[in-house]
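Engineer: Dock chain B against the given chain A, drawing on the hints supplied.
Protein chains: 2
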Amino acid sequence: MKIKRADDVEAKPVAEEGAEGVTIRLLVHEADGAPHFYMRQFDIAPGGHTARHAHDWEHEVYILAGRAAVWSGEGDRHAAAGDCLFVPGNEEHQFRNPGPDELKILCLVPKGSG
Amino acid sequence: MKIKRADDVEAKPVAEEGAEGVTIRLLVHEADGAPHFYMRQFDIAPGGHTARHAHDWEHEVYILAGRAAVWSGEGDRHAAAGDCLFVPGNEEHQFRNPGPDELKILCLVPKGSG
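For the record, the sequence lines run as chains A and B.
Heads up: the first sequence begins at 34 in our numbering, then just goes up one per residue.
Heads up: the second sequence begins at 34 in our numbering, then just goes up one per residue.
These are calculated hints, taken from the structure and not from any lab test.
Incorrect hints may have been included.
As the list makes no split between identical chains, a pair holds if one copy fits it or if it spans any two.
[As the list claims (entries may be wrong)] Calculated pairs, SDA-like style, for lysine to any residue (alpha carbon to alpha carbon, straight line, at most 25 Å):
1. 144 <-> 78
2. 144 <-> 100
3. 37 <-> 50
4. 144 <-> 133
5. 137 <-> 51
6. 45 <-> 135
7. 35 <-> 123
8. 35 <-> 81
9. 45 <-> 108
10. 137 <-> 69
11. 45 <-> 107
12. 144 <-> 107
13. 144 <-> 79
14. 37 <-> 124
15. 144 <-> 109
Isolated chain A, as found in the complex (with noise of 0.2 Å):
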């Protein structure tokens, strides 16, 4: 068994194009030897978002902290801490967020994906 604080790990920036104040955490991941899905965390700062894409694998989503505007091909949601997402594949998406605090989620994806 593992057990690590989450601040603990490494927050690394996200330098996808199109994302702005977003770093990344790998919570659980294939170093830790999970076999079938990566707990990441993002930490988007006030104003900051993730890019705007679409992919063939989806996302599990917990809002730790804050608030988000989360985008989608049903327009922009609100969503704040406590709330959970499941954001299908090929589902164009994008979370931001619009302050003033920092908006801290985890986001699960399966294996092989990216």
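Structural biologist: The following block gives chain B in isolation, referenced to the frame of chain A:
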């Protein structure tokens, strides 16, 4: 895309023998169309615990609130809100809540488990 308040998802008592004071919410599951893995939330009352058991699938866990005593082959370890855990398949494990607050955890499992 689906967005839900985790608190709005029905909390069902966990009936497994050896579990006490535990409820489960299926946050992102088969009914949501999740194709590869499932996000569940367990709430464990002070003094409560999950069953001590082992199974061939893994857990990826994030502690949302409270404190946990986590038993494994390595003995008891302590964890708290903001910690993430990886429990590999076939490792015996048990989550106990020493109190005083409610323990709330996300626990994700691959499809086909359980």
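Engineer: Now tell me if each hint is right for this structure.
Structural biologist: Each hint tested on the structure:
Within a single copy, residue 144 and residue 78 get their C-alpha atoms no closer than 27 Å, and across copies no closer than 33 Å, so neither meets the 25 Å cut-off. Within a single copy, residue 144 and residue 100 get their C-alpha atoms no closer than 28 Å, and across copies no closer than 30 Å, so neither meets the 25 Å cut-off. In this assembly of identical chains, the alpha carbons of residue 37 and residue 50 never lie at most 25 Å apart, being 30 Å within a copy and 29 Å across copies at closest. Taking the shortest Cα distances, residue 144 and residue 133 never come within 25 Å of each other, neither inside one copy (34 Å) nor across copies (37 Å).
Taking the shortest Cα distances, residue 137 and residue 51 sit within 25 Å of each other inside one copy (18 Å), while across copies they are farther apart (34 Å). In this assembly of identical chains, the alpha carbons of residue 45 and residue 135 lie at most 25 Å apart only when taken from the same copy (16 Å versus 32 Å across copies). Taking identical chains as interchangeable, the C-alpha atoms of residue 35 and residue 123 lie at most 25 Å apart only when they sit on different chains, with a minimum of 14 Å there against 33 Å within one chain. When the C-alpha separation of residue 35 and residue 81 is checked against a cutoff of 25 Å, the pair qualifies only between copies, where the shortest distance is 22 Å, while the shortest distance within a copy is 31 Å.
Taking the shortest alpha-carbon separations for residue 45 and residue 108, neither the intra-copy value of 29 Å nor the inter-copy value of 33 Å comes in at or below 25 Å. Proximity of residue 137 and residue 69 under a CA criterion of 25 Å is satisfied in both settings, with 23 Å inside one chain copy and 23 Å between copies. In this assembly of identical chains, residue 45 and residue 107 lie within 25 Å of each other by CA distance neither inside one copy nor across copies; the values are 30 Å within and 31 Å between. With identical chains, the CA atoms of residue 144 and residue 107 are never at most 25 Å apart, being 27 Å at best within one copy and 27 Å at best between copies.
In the homo-oligomer, the alpha carbons of residue 144 and residue 79 never lie at most 25 Å apart, since the shortest distance is 30 Å inside one protomer and 35 Å across protomers. Proximity of residue 37 to residue 124 under the C-alpha cut-off of 25 Å is restricted to the inter-copy arrangement: shortest distance 18 Å between copies versus 32 Å within a copy. For the homomeric pair residue 144 and residue 109, neither the shortest alpha-carbon distance inside one copy (28 Å) nor that between copies (30 Å) is at most 25 Å.
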